[in-house]
Amino acid sequence: MNLNEERDLVRKAKKDPEAFSELYEKYYSQIFGYILKRVANLEISQDVTSETFLKALKNLWQFRWRNIPFSSWLYRIANNEIVNYFRKQKGKKVSLEKIAEPISADNIELEFIEAQEELKKHQDFLKAQEKISKLDIKYQEVIVLRFFEKKQIKEISEILGKKEGAIKSLLHRGIEKLKDEFFETN
Amino acid sequence: MENEDLIKKLEEISLPKIEIKSHKKGLSLVLMKKYSPERKRAELFNIFKKLIPAGAIAVILFFFIFNNLNSPKYNLAKAKEIALQNNEIKDWLQQGSTIKDIKIADGKAYVLIEPPEEKKEQEELAPVSLKSEGVSQENIAEEKFGGAFVEVNIKEKEVKNIKKLAPIVTSLMEIKKEKVLEIVNKSWEVQEKVPKEAEVLNINVPTPKFRLSKDGGSVSAIPETETEEKASIIYKSDGHRWEGKINLTKEEVEEVNFLGEIKNGATFEESNR
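Those protein sequences? They're chains A and B, same order as listed. As numbered in the numbering used here, the first sequence has no gaps in its residue numbers, which increase by one up to the final residue, 191. As numbered in the numbering used here, the second sequence has no gaps in its residue numbers, which increase by one up to the final residue, 928.
It should be emphasised that the hints constitute simulated quantities derived from the structure, not laboratory data. Any given hint might turn out to be false.
Some residues of chain A that are not near chain B, with every Cβ distance over 12 Å (derived) [unchecked claim]:
| id | residue |
| --- | --- |
| 1 | Glu-11 |
| 2 | Asn-72 |
| 3 | Phe-91 |
| 4 | Asp-141 |
Distance condition first, Cα-Cα at most 20 Å in a straight line; then the derived SDA-like pairs of lysine to any residue [as the list claims (entries may be wrong)]:
| id | chain 1 | residue 1 | chain 2 | residue 2 |
| --- | --- | --- | --- | --- |
| 5 | A | Lys-155 | B | Lys-663 |
| 6 | B | Lys-672 | A | Glu-119 |
| 7 | A | Lys-173 | A | Arg-81 |
Non-contacting residues of chain B with respect to chain A, defined by C-beta distances greater than 12 Å in every case (computed) [claimed, not checked]:
| id | residue |
| --- | --- |
| 8 | Trp-843 |
| 9 | Asp-893 |
| 10 | Trp-897 |
The C-beta atom is built at its ideal place from N, Cα and C for all residues, glycine as well.
Here chain B stands alone, though its shape is the one from the complex:
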């Protein structure tokens, strides 16, 4: 049998033309009965379908806003903004102080303000205010701004408390300077290289810095602990200067160097420039 023969055979087949009226009528009734509920369902589905994109956008927006409002970054920025509105803090920052750290705990923000670096340098170059074992020193005993610990209430948008950190810093430095003198007075290297009559011109000790420490729901400002604290001491005698480098942690003099002669009464700092 060829394809054409089969096609011809298929085309010539007498086909049944049957219609079961009872089924047609019965199905029609079922469809009419179901029409309204199906229409309502479809309309609801259409509304839901239209709401999906709007709902999705709303959900995304909600999460975006929620995350931004509650994110640590947002709270930190907000705390900084509130702190900057305080006149006292504003003055400190205008004088060169900086906001070193902000931490959030229990809906409150804690801001640590660090004093300007320039001020510290001046402080380091200032004469020592200590007297020890016959070494004469000049006196500076002026209370300085050593930073501040500020509590900010983010919800109420106000600075709740400002605690100045200066007195603690100064006392720590004094103790360290005393320790430097103690170490150099015991050192054979200093005794060997620096004349006995030499006087201490300056002691540079690492300025104690503060950091914020978060412990559970509370935040406090505590002194930073370094692995190795180092200091230096400058001696002068008969127009000559020496520098001793001290490891405060190991309590030893690491080296003593001759800095040279100062001509025409120039200071040590000037000769270094």
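So that you can see chain A by itself, here it is in the shape it has in the complex:
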């Protein structure tokens, strides 16, 4: 989907829930994956992803198209929600178990256990993420977006609303600090 098609879909999503559903299907995995890479915790990832999409729905009618992918807006909301989650801890959680009727509670639990098992297989990621999580939020954001989400500097600048030069500088300093974290551990 090119930018023009996406713009039309967003416009349609303001009037038609099906179009919004289409946007959700398109970006759910991407946003859930990004949040998981930021927090390395499945439960928190589910909560923050829920909050991100609920916030996106709430603000959909205020969204103004600025020739930037819709996903950048979602990434930005996700960043804010991650910060909010850790600030509040007692974030309002959406109980999906009650709504997700077609899937039984046992199935949800089983699926969740399987997902955790899958996450545990990525030990290198979990170790790196542990180090990254010790950095300032501003460094966490750029490092995860650049190396785990494989985003270009331009895309990161669009997501964070900062100039490309600032992103490069943050990346450089972030890498330096992350290197120190690895060095300390070794």
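Given chain A's structure and the hints, the job is docking chain B onto it.
Just chain B, lined up with the frame of chain A:
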């Protein structure tokens, strides 16, 4: 470890590709359920947002109009406008009278009309109409316009009442002239400088003026009280003239001056020009 090594390490990390379908489906249902209420809320908010500027303009306009319609300035101007439509008042103003003051009380306006200055000067130069202790005077006893006190109903846009103030003014002046004569007759300075046979040519007393006084919900026209009232008296005798300056408040003659001789029968006023 170099930066490049760390970057390479980060890029090569195997990343989890996890998707919890039950969460995805559950969240989708929540979002679909919330879509309509959120849309309605957003539409209401948009309408409200659009109404804010219009509402703000309406409020500003309302206050502007309200303040102007009810402001004292507006009411004063309105009262003046109503008063000016009255033929009697119009005539007075055409003859040189002026609107001295307007006061508002209980939705009514009170207008004070003051007589023209020129008329007063003529009045001051006119011969005195009093007789006292053998001093002869000429008579002027003509009733003059001394002003008017007008009540205007702003709401009904009409002049309700017109009260002429002239009789009160004249009587006050007469009393003051009598007082001047009383003071000069007692003064040794006048007796010393002005010949006994001199006659009083003119007495200038301060013309009593009126002012509006507001007391609670009522407005009335009352005489102005000055801190020091002063008057003058002109004597003539055998072609010579003298002027006495009198302080009416202190009841004393302040000075007596010889004004000189009048040649070829010219009047005092002419010799002053």
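Going through the hints against the structure:
Non-interface call for Glu-11/A relative to chain B: holds, since the shortest CB-CB distance, roughly 18 Å, exceeds 12 Å. No Cβ of chain B approaches the Cβ of Asn-72/A within 12 Å, the least distance being about 23 Å, so the stated non-interface status holds. Listed as a non-interface residue, Phe-91/A keeps its Cβ farther than 12 Å from every Cβ of chain B; the least gap is roughly 20 Å. Against chain B, the non-interface label of Asp-141/A holds: every CB pair exceeds 12 Å, the least being about 17 Å.
This hinted pair checks out: Lys-155/A and Lys-663/B have alpha carbons roughly 13 Å apart, not beyond 20 Å. Between the alpha carbons of Lys-672/B and Glu-119/A the distance comes to roughly 12 Å, so the proposed pair stays at or under 20 Å and holds. For the hint linking Lys-173/A to Arg-81/A, the alpha-carbon distance of about 18 Å falls within 20 Å, and the restraint holds. Residue-level check passed: Trp-843/B sits 98 Å from the nearest beta carbon of chain A, beyond 12 Å.
No Cβ of chain A approaches the Cβ of Asp-893/B within 12 Å, the least distance being about 104 Å, so the stated non-interface status holds. Against the 12 Å criterion, Trp-897/B stays outside the reach of chain A, whose nearest CB is about 94 Å from its own CB.
Against the hints set out earlier in the document, no violation occurs for any number.
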